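Student: Chain residues, written in single-letter form:
4 protein chains.
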Amino acid sequence: MMLSFESDYIEGAHPTILENLEKTNYEQLSGYGADIYTERAIEKIRKACCRPDAEIFFLSGGTQTNQVVISSLLRSFEGVIAAETGHISVHEAGAIEYSGHKVIQLPGHDGKLDAEELRQFLEAFYQDGNREHMVFPGMVYLSYPTEFGTLYSKEELTAVYSLCKEYDIPLYLDGARLGYGLMSRKSDLTLPDIGDLCDVFYIGGTKVGALMGEAVVFTNRRAPAHFFTSVKQHGALLAKGRLLGIQFDTLFTDDLYFRISRHADEMAEEMKSLFLSKGYELYLDSPTNQQFVILDNDQMEKLGKAVKFSFWDKLDDSHSVVRFAASWATDRESLDALAQLL
Amino acid sequence: MMLSFESDYIEGAHPTILENLEKTNYEQLSGYGADIYTERAIEKIRKACCRPDAEIFFLSGGTQTNQVVISSLLRSFEGVIAAETGHISVHEAGAIEYSGHKVIQLPGHDGKLDAEELRQFLEAFYQDGNREHMVFPGMVYLSYPTEFGTLYSKEELTAVYSLCKEYDIPLYLDGARLGYGLMSRKSDLTLPDIGDLCDVFYIGGTKVGALMGEAVVFTNRRAPAHFFTSVKQHGALLAKGRLLGIQFDTLFTDDLYFRISRHADEMAEEMKSLFLSKGYELYLDSPTNQQFVILDNDQMEKLGKAVKFSFWDKLDDSHSVVRFAASWATDRESLDALAQLL
Amino acid sequence: MMLSFESDYIEGAHPTILENLEKTNYEQLSGYGADIYTERAIEKIRKACCRPDAEIFFLSGGTQTNQVVISSLLRSFEGVIAAETGHISVHEAGAIEYSGHKVIQLPGHDGKLDAEELRQFLEAFYQDGNREHMVFPGMVYLSYPTEFGTLYSKEELTAVYSLCKEYDIPLYLDGARLGYGLMSRKSDLTLPDIGDLCDVFYIGGTKVGALMGEAVVFTNRRAPAHFFTSVKQHGALLAKGRLLGIQFDTLFTDDLYFRISRHADEMAEEMKSLFLSKGYELYLDSPTNQQFVILDNDQMEKLGKAVKFSFWDKLDDSHSVVRFAASWATDRESLDALAQLL
Amino acid sequence: MMLSFESDYIEGAHPTILENLEKTNYEQLSGYGADIYTERAIEKIRKACCRPDAEIFFLSGGTQTNQVVISSLLRSFEGVIAAETGHISVHEAGAIEYSGHKVIQLPGHDGKLDAEELRQFLEAFYQDGNREHMVFPGMVYLSYPTEFGTLYSKEELTAVYSLCKEYDIPLYLDGARLGYGLMSRKSDLTLPDIGDLCDVFYIGGTKVGALMGEAVVFTNRRAPAHFFTSVKQHGALLAKGRLLGIQFDTLFTDDLYFRISRHADEMAEEMKSLFLSKGYELYLDSPTNQQFVILDNDQMEKLGKAVKFSFWDKLDDSHSVVRFAASWATDRESLDALAQLL
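Protein chains in written order, with my numbering: chain G, 719 to 1060; chain L, 719 to 1060; chain H, 719 to 1060; chain D, 719 to 1060.
Just so you know, these hints were derived from the structure itself, not from any lab. Possibly wrong hints are sitting among the right ones.
Since copy identity is lost for identical chains, a pair holds within one copy or between any two.
Said to hold, decoys possible - Derived pair list, reagent style SDA-like, types lysine to any residue, alpha-carbon separation capped at 25 Å:
| # | residue 1 | residue 2 |
| --- | --- | --- |
| 1 | LYS883 | PHE945 |
| 2 | LYS990 | PHE945 |
| 3 | LYS883 | PHE1029 |
| 4 | LYS1023 | ASP832 |
| 5 | LYS762 | GLU874 |
| 6 | LYS996 | GLN1017 |
| 7 | LYS1032 | GLN823 |
| 8 | LYS1026 | GLY847 |
Remember, predicted model here, so these are calculated numbers, not experimental data.
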């Protein structure tokens, strides 16, 4: 089998998760999240966030989570602001629009929204005499880390959140890879900070060691009325809710979530050094588990025969950007093998 | 822990599924269903259906599957016909209407549509001078077994399907518990028959031994264009598609799906005999894994202290209908324990 | 041209409306309802309702009004309760479902909801342990007069509204033919009563003398935030809002709306007497401008050659129900002509 | 009353329309477009387009038309490409997204799409390995004239349409002000050309002499199945369809539509000369009935006290763009009055 750094979801689950699924397999537990493991997972996440009153729900995937959360929080005449490179802007097949809402796209700066540009947009909107004919900005969406692996600093996130509070619209943080962001050596944010600096976010499981699953965390009592029913209405409610509860109970026991995130970040840093030391150019300086490398057509072809990675974007006729990702399962052996190939 | 017959999704997965998840856990597989196990599962299901050209997709849950399939097949001015007791009519929190389509409700007879009533409805619709102001019937939905555990005979299903062909609308069969239907001693249908007698159906995994997962099978080349993208748009695409592929590969190896279904049906038959022998009255004669029993208020209270079951409906002031379900995990010991309680 | 009682929208507008359109035609007025005539119409309707604080908006047609009002007031997980014969249940081509919401159908009694059945439904819903998997009843819809021309008494409407208040859901009254209801000799309700006994209603113009147009009246400060924008979002905002403003300004000047409604009701009463005196059977006893008559196939054919009416429903193989409607334009001559035909 | 050039919908209807409404007012005509005037209007428009087989429908307003046409033609996984300044991108309150579809925004060049940029976008989309995770481009939308009053040349429109045919997606032309475009001295297109160079377009009535109303013209048998029902489902069907039929019958009798369009264009040209002769700067060179003028803050304030116009956009701290529009009702007197003010 060919060596692969294609993504952070090419392996199964962290082995402790499988162990726990097996250990609890014969227990008879009520469905739809009314089980003890889901309860425990909620308590542990509340503790990890230092938010005893957080309202927490478990869903299956990132696009699903974005669709359910965003459409449940927006009023019908509102849209959601996002960077033009944001996942909801580009790679969710129009899931937000399918739910009836516009994604209002602002420029992305290595994947990030700029608070100053956001302020200008909001000011201009509320000064526009035609605004009643336009989609109202009803929420701000950002991802941490971004789709490019980059991070908002605490100051940057605070600036965005202050604006949201000023305009009384919720800030929603897409944490599909939250662990890799928080555990980055470049991050100055903690999980409790995240809870303080937005109104709702999700803790990604699928890409951080789970088989699937995302934990949605509403702070400030922002959970919409009957969110459970909205989840069901979107076809997003699992009958065997235990599957999500057990996984997150595991991930938030003994800091597993953070330990495997840090491991992947470290592996990615070594990968980055490797590329640099071999004379490769990086597309941007990602401090998290995804590394974006520039390859010329020749390198692409040769390397592509020996190792899997993701094509990201064409840079020009003879160069492309490709992505190498690390995960909980990435080990020194695979890095050594990569080193040899380079 | 209290004995429970609450539903067929109170345990985890059949142990062979967990074994296979573990065995393959470290394999690096591409995401979104582009893995070898998904491919194998598709091939095995095609074979089991005797439909080499069936188009097969894997989704996570029943409501999700109904929403994605129905909304992808209907045109915007069409609705779906269903029994008034059908799952989509009652217990999916309006997931079909959320996607923009009316559920056109016809009477249910122990959960079943009656072909003659369906014919009358369709005839009346096409004779109605105001039909262009009405929702067009664009699909027929039925469940096999029904929400009451009952079964269509081959003749009954054929009659419904003939009508669908006559009116050129697809027939969609909700097989959330398909195995329990096919393996019932009262069934005169096989899986290939199902493939012959509708245009799309799903093979339920969640309630038949999987952690989660449903296999959608389109016959007659009925799969909508770019169905993959529609799945994504509904937030229904799993990144680690392997999770679905491995489960269905397991269920369709060595007839596991059918063996565990038959086992549950047999357990349910014993349960039924048990209730009858103890003088309990059945609400209806279900030939599958769910049994519906009438309890008076006293019995409800006493029994409820020792064993878990589902409340189904109030019959009158002093009687209720409750449901006892069997699954792959139901064993003789639990039946013996139930016998003692009764 | 053949004599016609086909509907109450077969003629143009009351001549005073055309006069006023002409009189004001060259005035330069801002668009989208920001004109003096719209303002005046709002004030006059407020006065007629004895509701100085009513929030009033003008829309173009009945289905549009129902869709915009209902979808703007419901939360995403809610549906609207209506009689199974209600306009939104049958003859709006699924406009409510298109906006994402289920129409929860209760039995109709000559078109009317029964308060006791409504109470039972609501009680059962809130006692149902599975209600979080179901569409929440978020509004009650009724029409006055109903689609069968029948009327709720003050007592009946009060009973329904009390329930709505008890369950804290708005009551919405579809007044496509409101004038004909209020001016009926059988009505014990006034326009201010209507304002007191629901949360939102509309005063139908299209079928009561206007070219088109309906006036939506929100009481109790129930108008949704940014309703103007929702109207636009539904494609329901007219650029030349004056067209609606001038028509309603006219209809609510010198009681024109009520006078032409009473006239039509009187014509319909004479029509009813005519049918009865000629030995025809009525399908039901409608006290408003629409009369429903039973014809045998022979009568249908013969009469149909000399006068236009609407086919309503097939009663049995040899009889049908047909509708004769009166409007502002119905005059004694046409009744005399009808008398001769009968 | 203050002189106004605020928009082309500040007056009522061309007087011939009112005359015809009056003349036909007492005729009894079937509803929903089944009347002789609608039939005649359809025939006359077919003739004017040299398209005897065109399928034609009448709707009430521009946003409504865009929503109904676009959502009826797109499949659920598709979006519509438009200039970022297109009406559907900005000023329709998210009506397209409300119907479930993304507006895919490309750069606007004085309001126009560039065929080369469109080609690049389409090529890139079909080369993107992730395209199945993205919204498919399912239609191209453009407006003629654009929101800035500018025009596509025949060559430019042909280039866009060739691309659409190459990619097998319909081209939809928003003709809210179609007459002003076709009658411009700068236009090299005729109405039959429009019919040849797109798959569906609408002939705007609201802004070109009608009270309200737009005529949708499908060529190439592109009308969606049961479009009438889709219109109803969107709440866009008028009961008194005669109101639309009579207006368009009038507009397409004796070339009225074209004559009043040319008149407005001529008035606008004089207005333009006036502004230039007085030393004002134009924001762009519009060849149609809307003129975009740059005013400094002082001019804005002074002029605003004596004449109404529309604020368009802020240029910088001390300058704004404003719009002056001409219509069928603009006469020499008002231009003289404007001249004096300038």
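Student: Hints broken by the structure, by number, lowest first?
Tutor: 2, 3, 4, 5
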